[in-house]
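K.L.:
For the sequence shown, the working numbering puts the final residue at 437, and the numbers step up evenly by one.
Treat the hints as calculated values from the structure; they're not laboratory data.
Treat the numbers as computed from the prediction; the structure is a model and nothing was measured.
No false leads were slipped in.
With beta-carbon atoms standing in for the labels, derived distance ranges:
#, residue 1, residue 2, range
1, Ile59, Ser339, 34 to 42 Å
2, Arg286, Glu351, 50 to 58 Å
3, Ala420, Ser339, 24 to 32 Å
Each residue gets a CB set at the ideal place from its N, CA and C atoms; glycine is no exception.
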Amino acid sequence: MALACDTLLYKLSSGGVVVKYSFLIEAADCCSNILSQFRIDAGLSRKDMSQVMDVSETTIKAWETGQGSPTLLGMLLWFQATGNSAAPPLVKLFWPDEIGNTSIHSSYDEIRSALAYYLANLASPEEVAKLHYLMYGGHGSSWLGLLDMGLAHVNASLDSQVRIRETIMTSCSLCEVSGRLQTPPGLSVNRAVIESVKDAAQDAVAGHLQGDTITPVTLQQKENYSTILVRSRMDAGVTQREMAKAMGKTERTIQNWESNCSPTFLELRQWFYVLDISPWPYIRPFLCPSEDACCSCPNTLEKRSLIQYIQTCPEDELKRFAYLIGGSHGSEWYAVLEMLFVHVCEPLPQRIISARSILLGYTLDSKSGKIRDPLRVQPDLANLNACIDRGIEAAMNHKSGYV
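Work out the full structure, taking the sequences as your base and the hints as a guide.
P.N.:
So, in structure tokens, the structure goes:
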């Protein structure tokens, strides 16, 4: 049961006019549904979650019935404990109309629309540039092969994923030392993204967790939380007094939020609503602090090209791509993208080794029943095998690529 009242807010961009808006009801419903569904899908009880979150079972029940919510840090901890990446559900919560109701079971038109919105409005410059390079760069590897390689990786066990990341990053280091790592102009390898997730995955394996999401403690995100509030408010040109009036809070409450007392996630949603600005430029660096540090390319044309791809690619390919970006496989899309980018920057023989390692790990996990969820979107193994065979043939003929 969600909050049973409307909320009066000042939407500051509309000249201070009071707007009657029931968005807290909708936001609480959406938030509670995601929290409960993720817990249930992970096979965890409310008692389990109360131990993870260090709160009472009564509080867990309240959050799952729309009576309040965790803080943003609490949301990240919830997603980690249930084996989910934080970005996809947060995108759904902040953009319920554009993306929120989209799932892998949605119609192809709905999936195309959600992906196009994401790429047009939420994807970072680095993400756009590297994704475009994977699809259209002259690196000599097949995009569909890379797509299936990524799917095999995210569907494999955490043990397999840790080994693959170590293999690729070791290979990357050796190629850098020998001058054989070829990155396109304006882009460079963002090691910190992969390393942070690799460390989280190792912790998850040791702690028998279900996903490799970046943990709040690992990234010291608590210290960065107040920065989200201060920066967004100042960027919008709003004072603490104006913010307090708009949200129906005291000025002291706003000051506390911006120092050491975090608002709940629903209050954070309210914060960005009254500022009338996109939360993603502030939330995204919080989720992945090192992302966006390695790109200096303007990419308006690249973004258009990616959206055109979304609008025209075959339906099966679309579903695989959508699942890799936003599916509930537990892996961080940013790190998977970076891993694939590193892969195509390496010499062809190294790529063959990495691709075969991923395929072997996936195959062994499949035989032993360790695939994350066999009923979800899986890679096209025939295509991945064919790409590896073509790569081997090209390498034996001293070519730098197979397409």
